[in-house]
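Asker: Chain order of the listed sequences is G and L.
In terms of my numbering, the first sequence opens at residue 1 and continues consecutively.
In terms of my numbering, the second sequence opens at residue 1 and continues consecutively.
Calculated from the structure, these hints are not laboratory results.
Heads up, a few of these hints could be off.
[Unchecked claim] Quick partial rundown of chain L residues pointing at chain G, CB under 8 Å, derived from the structure:
{"#": "1", "residue": "Asp148"}
{"#": "2", "residue": "Pro269"}
{"#": "3", "residue": "Asp272"}
{"#": "4", "residue": "Gly340"}
{"#": "5", "residue": "Glu342"}
[Unchecked claim] From the derived model, a few chain L residues whose C-beta atoms are all more than 12 Å from chain G:
{"#": "6", "residue": "Glu55"}
{"#": "7", "residue": "Pro226"}
{"#": "8", "residue": "Asp233"}
{"#": "9", "residue": "Gly341"}
Since the structure is predicted, the reported quantities are computational estimates derived from the model, not experimental observations.
Positions of the beta carbon are idealized from the N, C-alpha and C atoms, including for glycine.
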Amino acid sequence: MRYLDEYRDEEGARRFLDAIRRRVTRPWALMEVCGGQTHTLIRSGIDRMLPEEIRLIHGPGCPVCVTPVELIDRAVAIARRADVIFTSFGDMLRVPGTEADLFRVKSEGGDVRVVYSPLDAVKLAAQNPGRQVVFFAVGFETTAPANAMAVHQAKALGLENFSILVSHVLVPPAMEAILSSPSNQVQGFLAAGHVCAVMGYWEYPPIAERHRVPIVVTGFEPLDLLQGIHMLVEALEDGRWGVENQYTRSVTEAGNRPAQELLQKVFRVSDRKWRGIGEIPSSGLALTDEYAAFDAETRFDVGSIEARESPLCIAGEVLQGLRKPRECQAFGRECTPEHPLGAPMVSAEGACAAYFQYGRVET
Amino acid sequence: MSERGGEGDLAAGPVCPIPISDYPTVQLAHGGGGRLSQMLVERMFVPAFRNPWLEALHDGAVLEVAEGRLAFSTDSFVIRPRFFPGGNIGSLAVHGTVNDVAMCGARPLVISVGLILEEGLPMEELWRIVDSLRSAAEEAGVSVATGDTKVVDRGKGDGIYINTSGLGVVPAGVDLSPRRVRPGDKVLVSGEIGVHGIAIMAVREGLEFDTELESDSAALHGMTAPLVARLGDRLRVLRDPTRGGVSSALNEIAALAGVGFRLDERSLPVGDAVRGACEILGLDPLYVANEGKCLAFVAPEAADEALELLRSHPLGREAVVLGEATQEHPGRVVLRSRIGGERVVDMLSGEQLPRIC
Numbered sequence: 001m002r003y004l005d006e007y008r009d010e011e012g013a014r015r016f017l018d019a020i021r022r023r024v025t026r027p028w029a030l031m032e033v034c035g036g037q038t039h040t041l042i043r044s045g046i047d048r049m050l051p052e053e054i055r056l057i058h059g060p061g062c063p064v065c066v067t068p069v070e071l072i073d074r075a076v077a078i079a080r081r082a083d084v085i086f087t088s089f090g091d092m093l094r095v096p097g098t099e100a101d102l103f104r105v106k107s108e109g110g111d112v113r114v115v116y117s118p119l120d121a122v123k124l125a126a127q128n129p130g131r132q133v134v135f136f137a138v139g140f141e142t143t144a145p146a147n148a149m150a151v152h153q154a155k156a157l158g159l160e161n162f163s164i165l166v167s168h169v170l171v172p173p174a175m176e177a178i179l180s181s182p183s184n185q186v187q188g189f190l191a192a193g194h195v196c197a198v199m200g201y202w203e204y205p206p207i208a209e210r211h212r213v214p215i216v217v218t219g220f221e222p223l224d225l226l227q228g229i230h231m232l233v234e235a236l237e238d239g240r241w242g243v244e245n246q247y248t249r250s251v252t253e254a255g256n257r258p259a260q261e262l263l264q265k266v267f268r269v270s271d272r273k274w275r276g277i278g279e280i281p282s283s284g285l286a287l288t289d290e291y292a293a294f295d296a297e298t299r300f301d302v303g304s305i306e307a308r309e310s311p312l313c314i315a316g317e318v319l320q321g322l323r324k325p326r327e328c329q330a331f332g333r334e335c336t337p338e339h340p341l342g343a344p345m346v347s348a349e350g351a352c353a354a355y356f357q358y359g360r361v362e363t
Numbered sequence: 001m002s003e004r005g006g007e008g009d010l011a012a013g014p015v016c017p018i019p020i021s022d023y024p025t026v027q028l029a030h031g032g033g034g035r036l037s038q039m040l041v042e043r044m045f046v047p048a049f050r051n052p053w054l055e056a057l058h059d060g061a062v063l064e065v066a067e068g069r070l071a072f073s074t075d076s077f078v079i080r081p082r083f084f085p086g087g088n089i090g091s092l093a094v095h096g097t098v099n100d101v102a103m104c105g106a107r108p109l110v111i112s113v114g115l116i117l118e119e120g121l122p123m124e125e126l127w128r129i130v131d132s133l134r135s136a137a138e139e140a141g142v143s144v145a146t147g148d149t150k151v152v153d154r155g156k157g158d159g160i161y162i163n164t165s166g167l168g169v170v171p172a173g174v175d176l177s178p179r180r181v182r183p184g185d186k187v188l189v190s191g192e193i194g195v196h197g198i199a200i201m202a203v204r205e206g207l208e209f210d211t212e213l214e215s216d217s218a219a220l221h222g223m224t225a226p227l228v229a230r231l232g233d234r235l236r237v238l239r240d241p242t243r244g245g246v247s248s249a250l251n252e253i254a255a256l257a258g259v260g261f262r263l264d265e266r267s268l269p270v271g272d273a274v275r276g277a278c279e280i281l282g283l284d285p286l287y288v289a290n291e292g293k294c295l296a297f298v299a300p301e302a303a304d305e306a307l308e309l310l311r312s313h314p315l316g317r318e319a320v321v322l323g324e325a326t327q328e329h330p331g332r333v334v335l336r337s338r339i340g341g342e343r344v345v346d347m348l349s350g351e352q353l354p355r356i357c
């Protein structure tokens, strides 16, 4: 299949692995930011093929994982209302809230539906004028433009029965927070290629400069990741920092301007709480005043719902790269994909689920 | 009464034998045991499935039993949508059960059909499903020996649910069992995987591909019978990888046989449409359902012959060797990735959910 097979080639993989092996002289801790990258690394077995000097730390770039538990509880409260059709991407349904997930709401009779695009939710609202249609707007800069477009369209169509529950987060502030943490171990970043396809990478040079780290904008196929790792290792071994772009087939420095303009119109930057990490200043998106009427939190008055996390779960430390999923005492015992205690066990992109599903090769 | 179709030739044509002017939709009384139930049986079911057992209009079918052993299996069908490219809930209900019987190494003989209808189901639609049950049973060479119909209140069902059970005869000396799989045995798959699941998802979610994907739903015993007859005990076990896909079937057998399995990603038979859909939706074809494929676990020295036998049948033309059983990592399925790495292919947990980004 074109655009896939050439990036999953064994010969090419071996060349990059050899090049990395030749170049590396000491241990390096690298973080892949995005959960999609974690998924590929483990699914293709790259984590086991790298020389032992290279330690990969799995970053917080899984939107399902970092959505704070009170947002899940608010989603549950809204979805339980008889007048609501609650729509969401599939993997949010299984994320545990304080006492229920959205699957449970569905089984109890709530009208919870999986959609593949927020625009489908807008369509549902147009088709069901007598009901409130709510979309769970989760994700990074990658999903934000489509969600912005949904709100923009709903406004243009005059749909008063459509709203979104916003839980948008931004990548650069999270990288900044990780690097600023006193316990930080990350020495180089594989930046999330898809986020950069939208946003470009003009936001990164100041971060690289301030913290003197190399950042390589990297794609999602096995060879993309191997090449990105190779570029990082070369920079680290040379003592260089700065921003490089491995994913040139999709990413430009400026990014997708029309998408960025729409984002600016519909959303404003706000402080956000990240599940397991806590509040990061200016790290999320909220609706601008112009679109505030589409905010499900105010429409259904659920803003004050507070939440409780499992005391066993170490998701926060896993998401910051401080500990590996296997170091959690609940991993594979109390916490499995069937009964997740924390969000990283839910999504296939979550580090815990990826370890559980693909990583259990030792017996 | 003028539109009523003639009796006796009802099964031959696509026209619904219960005239629309009489009952355009299924009523509660169609399952009530009274006059309407009788009409449904006598006008629709008996002519469609015509055979001595049904025509006896008895409470059950009385079957002659020859010497030997019987294979017996049951399955319920609740698929949504009811009609999909490549079949419908009726044909699927025949194939599913016939295949379960066939995987026991048996020749399927008779099936039962239990219908649970929702009040208000269009009679025309019921007829299309019954007609498709009929032709699938006919093609598979099995008789519908007994049946039952119930009707539930509107809103209490999803149009129609079907339960089928099947009986088949196991030839003498045949003893297929997961526990007979040994290290070194080869695993064959009869063709491209993931087709049914992706075809259904495409209809359900309104996904479009360059080429329309049809479900692979089919009766497999015609293809598996020669394996059973010719390979003897070199055929260890057969499995149809339905829900949970190939990975679940392999994991189950690995656990029961106490062996591991090794696969190579490059030799997985995955077509472009399925692969493309899986890439977009974040699914793994190894976990996607099949309804017309089988896995054959055979002794290493029988692999070539088994492959040839499968390929000589139209449903098995694209059969390949998928992998082999190993002594290492018992109970686990390990896949060598396209770039030469390794990963464990675990059982599916819950439902496969499309990823966010």
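Asker: So, for every hint listed, does it hold in this structure?
Answerer: A quick look at each hint next to the structure:
no.	hint	in the structure
1	Asp148	violated, 28 Å
2	Pro269	violated, 14 Å
3	Asp272	holds, 6 Å
4	Gly340	holds, 5 Å
5	Glu342	holds, 5 Å
6	Glu55	holds, 44 Å
7	Pro226	holds, 34 Å
8	Asp233	holds, 29 Å
9	Gly341	violated, 2 Å
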